[in-house]
Amino acid sequence: MTPIGTFYGDAVYKYDAPRQGRLFAGHPGRIELNAGQNFEMALRDLDGFERIWVIFQFHENEGWRPTTRPPVPPKGKDRVGTFASRSPYRPNPIGLSCVRLLKIEGLTLYVDEADLLNETPVLDIKPYIPMADAFPDAKAGWVEEQVGDVWAIEMSEEFAAQNRWIAEHSVFDLFSFAQVQLSRGNFAKDVFDSSRRRLTIDVTSHTGVLAYRTFRIHFNYDEPERQVLLQRITSGYSAEDLKQGTEDKYGDKDLHREFLYLCANGLKKN
2 MTPIGTFYGD AVYKYDAPRQ GRLFAGHPGR IELNAGQNFE MALRDLDGFE
52 RIWVIFQFHE NEGWRPTTRP PVPPKGKDRV GTFASRSPYR PNPIGLSCVR
102 LLKIEGLTLY VDEADLLNET PVLDIKPYIP MADAFPDAKA GWVEEQVGDV
152 WAIEMSEEFA AQNRWIAEHS VFDLFSFAQV QLSRGNFAKD VFDSSRRRLT
202 IDVTSHTGVL AYRTFRIHFN YDEPERQVLL QRITSGYSAE DLKQGTEDKY
252 GDKDLHREFL YLCANGLKKN
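Counting the sequence shown from 1 gives a position; the working numbering is that position plus 1.
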């Protein structure tokens, strides 16, 4: 099976990708179809559709598992069967996503609400037809027993300025990552589960720290209102780690040094 094109978007790493694309509008991407395949004609009449199905390859996954732990598990269970899930680890690494089609320019399709990683191979495209594809009264099995709901993720001016600077100087978008990690699931057992190594919480002060690679996201949360406020970003490196001449395993210490210097000297908030 040969890909017909490639998807490009902001989600670089697996943990960046939304678990359900439609929950994260405002993070557009694009599909670039291969040239020389007569795909220009194949795209004819597609611009009248608001949504399209994108069939793609889970290109970074190896192997599969017969059961999986969904982001928001059903009551009384931790795992479900892979064929009863949207797990990316499957016998054949094929995914299906219904995205919003924004516009078509030549061989490029601009889309939104996609849960694909950057540089994902695209295998096929089909129009979403509500009268044929939508079954709103269909039963959804264990999904109807899910615990949890969607939390609102907001950011302070300080966080917004820091995130903007990091995004301009790297491939990281910490706001998108925080949305993916903190906006779904039961408060006590899933989203803010302190057994997850990248997340720590203080239930007394209603604060938490979420690790994103070598950065740390500090936030407050309001359980009754189901709201998270991203307060600021700090470095995961210590002052000792950032001394000149120390090992730079991830090649990002200069980025952290400049980031910390700007934060200490007043990073602009607009």
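Read the hints as simulated data drawn from the structure, not as lab findings.
Glycine included, each C-beta is placed from N, C-alpha and C at the ideal position.
A few of these clues could be false.
Said to hold, decoys possible - Computed cross-link-like contacts, DSSO-like style, restricted to lysine-lysine with a CA-CA straight-line distance of at most 27 Å:
| hint | residue 1 | residue 2 |
| --- | --- | --- |
| 1 | Lys-244 | Lys-254 |
| 2 | Lys-127 | Lys-104 |
| 3 | Lys-140 | Lys-76 |
| 4 | Lys-78 | Lys-140 |
| 5 | Lys-127 | Lys-140 |
As the list claims (entries may be wrong) - Estimated spans, in silico, between C-beta atoms of each pair:
| hint | residue 1 | residue 2 | range |
| --- | --- | --- | --- |
| 6 | Gly-142 | Gly-267 | 15 to 25 Å |
| 7 | Gln-228 | Asn-39 | 18 to 28 Å |
| 8 | Gln-228 | Arg-199 | 45 to 55 Å |
| 9 | Thr-205 | Arg-233 | 11 to 21 Å |
| 10 | Thr-205 | Glu-51 | 41 to 51 Å |
| 11 | Glu-146 | Leu-97 | 15 to 25 Å |
| 12 | Thr-205 | Leu-243 | 28 to 38 Å |
| 13 | Leu-263 | Val-204 | 29 to 39 Å |
To see whether the hints hold, each was checked on the structure:
A C-alpha spacing of about 9 Å is found between Lys-244 and Lys-254, which places the hinted pair at or below 27 Å, so the restraint holds. Only pairs whose Cα atoms come within 27 Å are accepted, and Lys-127 paired with Lys-104 is accepted, the gap being roughly 15 Å. Between the alpha carbons of Lys-140 and Lys-76 the distance comes to roughly 17 Å, so the proposed pair stays at or under 27 Å and holds. Proximity of Lys-78 to Lys-140 is assessed by CA-CA distance (about 19 Å); at most 27 Å being required, the pair is judged to hold.
With a CA separation close to 24 Å, the supplied pair Lys-127 and Lys-140 stays within the 27 Å bound. Under the hint 15 to 25 Å, the C-beta atoms of Gly-142 and Gly-267, about 53 Å apart, miss the expected range. About 50 Å separates the C-beta atoms of Gln-228 and Asn-39, a value inconsistent with the hinted range of 18 to 28 Å. Taking the beta carbon of each, Gln-228 and Arg-199 are about 21 Å apart, not inside 45 to 55 Å as hinted.
For the pair Thr-205 and Arg-233, the supplied restraint of 11 to 21 Å holds, since their beta-carbon distance comes to about 20 Å. For the pair Thr-205 and Glu-51, the supplied restraint of 41 to 51 Å holds, since their beta-carbon distance comes to about 47 Å. Take Glu-146 and Leu-97: their Cβ atoms lie about 23 Å apart, and the range 15 to 25 Å holds. The beta-carbon spacing between Thr-205 and Leu-243, approximately 31 Å, falls within the hinted interval of 28 to 38 Å.
Hint check: Leu-263 to Val-204, Cβ distance near 33 Å, so the stated range 29 to 39 Å holds.
Consistency note: the structure conflicts with the earlier hints numbered 6, 7, 8.
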